[in-house]
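**Student:** Chain A is fixed; fit chain B onto it per the hints.
Chains A and B, in that order, give the protein sequences. So the first sequence is numbered by the numbering used here: it starts at 101 and just counts up by one. So the second sequence is numbered by the numbering used here: it starts at 181 and just counts up by one.
All the given hints hold, so there is nothing to weed out.
Simulated restraints, written as ranges between beta carbons of each label pair:
no.	chain 1	residue 1	chain 2	residue 2	range
1	B	Pro221	A	Glu323	37 to 43 angstroms
2	B	Pro221	A	Val349	54 to 60 angstroms
3	A	Ala227	B	Ala608	32 to 38 angstroms
4	A	Asp247	B	Phe607	20 to 26 angstroms
5	A	Val349	B	Asp380	24 to 30 angstroms
6	A	Asn447	B	Pro379	37 to 43 angstroms
7	B	Thr205	A	Val349	52 to 58 angstroms
8	A	Ala375	B	Thr215	53 to 59 angstroms
9	A	Ala440	B	Thr205	51 to 57 angstroms
10	A	Ala128	B	Ala608	41 to 47 angstroms
One-sided excerpt, in silico: chain B residues whose CB lies under 7 angstroms from chain A:
no.	residue
11	Pro511
12	His542
13	Val612
14	Asp613
15	Phe614
16	Glu615
17	Pro617
18	Leu620
19	Gln623
The hints are simulated quantities; they were obtained by calculation from the structure and are not laboratory data. Every residue gets a Cβ at the ideal spot worked out from N, C-alpha and C, and that includes glycine.
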Amino acid sequence: MRRIGLLINPVAGMGGPVGLKGTDRMAAEARARGAVPQANRRAKTTLELLAENDGLSFVTCSGAMGEECCREARIRNFNVVYQYDGESSAKDTQLAVRQFLATGVDLILFCGGDGTARDIVGVVGQAVPVLGIPAWVKMYSAVFAIDPKAAAEIISGEGAFMLRDAEVLDVDEDAYRAGVLKTQIFGIARVPVLAGMIQLTKQVFEESDEERAKQEIARFMKEVMLPDTLYILGAGTTTEAIARHIGVVKTLLGVDVIKNEKCVARDVDEKTLLALVDGEREVRIIVSPIGAQGFILGRGNQQISAALVRRVGITNIIVVGTPHKLRDTPTLYVDTGDAALNAEFGNTILVVSSYHMAQRKRIWQPKPDQ
Amino acid sequence: MQTKILLDEEQMPKRWYNVQAELKTPLDPPLHPQTKKPIGPDDLKAIFPMELIRQEVTTERYIDIPAEVQDVLRLWRPSPLYRAHRLEKFLKTPAKIYYKWEGVSPAGSHKPNTSVPQAYYNMKAGVERIATETGAGQWGSALAFATMLYDLECTIYMVRSSYTQKPYRKSMMQAWGAECIPSPSTKTKCGQAMLQKDPDTPGSLGMAISEAVEDAASHANTNYALGSVLNHVCLHQTIIGQECREQLAMVDEYPDVVIGCVGGGSNFAGIAFPFAGDILTGKHKDVDLIGVEPASCPTLTKGLYTYDLADEAGYTPLLKMFTLGHDFVPPSIHAGGLRYHGDSPIVSRLVHDGVMRAVSYHQSEVFLAAQTFARTEGIIVAPETSHAVKGAIDEALKCKKSGEKKTILFNCSGHGNFDMSAYDAYFAGKLVDFEYPDELIKQAIGRIPKVP
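So that you can see chain A by itself, here it is in the shape it has in the complex (with noise of 0.2 angstroms):
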């Protein structure tokens, strides 16, 4: 028997149809323009497909955060182990989260967005697999299935669940809505991937533990990387693996300075990269894809700035990226903002994938016209 512990954010998706560009602390704004109630009903579709599967149990919370979408959803076997009162708040998912934890369940499923997301794994860490319905509107984080059908299907896959490395991003919606697009990485979550795409290709061996992927990356990387040059290594669990299998502790989330296989600075922000930069002779970049789309640049590592990779030079960026998170991400993303610095990435990109290997990548890129 398999337990699921459900937690619908009720007010999640209602901001995007009305314009508010995301809904925290903007849910009576949103329902004032007409907004109507998402997560609900796009979480009632995967629990219908589950409702007739006698392997699977769920905890949940009263009312419009679980209770009422399992009930028409017609769930049969299902508790309610968190009450909340009046408008639902990121109080109240935490608190949710850690009385799953308290019973023991071995999947969070939920149906928000990257708030959402952010204040769940800001609990659960990468403790208990996380798996997100989506709930319409800005997703950044990779924690989300395609859609709420295919979300259904991973959960009904047979034996253990494979698991994959998915970044927790969110938007500074204030910041957002006055225009400006900052994203920051709040986490990195363990989420179930479907086994039969993953059947699909026959691809067995390159498919079959993502943490084996991190370390032939970081083998290759520990042989590439020379005396006296600079290496800032921006925020996920690859670079993070780079680092560790040269004996440097690396923050998760963070950009890290590395020179001579020693940590110069940890947790950086764009200026002191900058000054770091100045006067050494030799510079290199290592990013991985982060988040649902896969940005190379512009999304959890924002510190990596433009100016930054025009001081350092496009061709001593080295993007590291394991099979797993490759094959979700056809097309890489860059957003530096600076549009002819975006262009100067071509139409393709390298990104090495394993020892001694790299994958050929595409990067989107705006029609001219655009």
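**Tutor:** For chain B alone, coordinates are given in the frame of chain A:
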């Protein structure tokens, strides 16, 4: 408008052509893996029959094909040469494209051209059993077929990733009475060591070669057979190019461009060596010989020309060849037969001397070419062969740009009827474009293959 150009059975070449005869200086000799001194026939006697050792080193221009071998080859030879009218029309190219169709052999590829004589010479030498390796299964099935003809036992170490991907090749080997084992296996000491180091390894041709060589060296009644790379293997394949020359002459043609895919180099050697001989002797200096390899395993385009081991464990002699390092494990691309770290010493020498050139392509572009070929000429080619198809299409498109009416010949080395899962992956958009990151590898300190 002639489509098929056919030779009668009696027109099948009676001799193999040895391009070594035309080299101004001899090939660098194979070296003993321990002593690093040139090896002699005695060093090879444990695993090869004497006639094949002789063929490996001889510089005679022609070697007679035994009558008993000719009898077997006539089961499918001479193979047809096709004019690809439909492909030309589709590409709107002024070029003339010819392809030699080797998929008509019982095993479905060019490989029986050498498996039959190799099994024959082993039978003649009193050998009872042959051990070998296979990448995609083409060679394994060809040797299973040949050993059955001469009543020899056959054990085949099949690269594990292919063993999983291509179960029907394994069934073919079984149909012809051979034993097929996924490599690395626990049957050999080197296989055990490789599994201990990495239980999840996809295997590689280099690993499988080590296992087969160990098997042959440790059993008195057993010899080893290799499906590519070695000089005698390339020699046996030259029947392809010799037939092509005859067939093209029948329509008053001589090729401007000759193309083959390259893994170990034997199918390329088969179609190209007779024309390489024409270049080296000055008869036709301007033939453009092109070897096509995968971007994930670009031995000729990005490797080093140096001495390296032919296998993973270090049982084989050191060969002077283009290599990515014998410890290089190529990713599990669908063209399993092209996953080899090194290359034929003769092909390598021809690249080094500028007699031929090499190009490399990604998986998805070669499958697009294979799809184009299937939808124009009808034949569904093997993933390995699709590299040659892509090379030919690109040359034909260059002609379209320049207006040149070149005659392009390529070796259509095998069918892909057992490779439909690879096509499925292509249709589903799931093919990964692996690429060897040579610039980064060059940056790495001390990362030159460990060779003397």
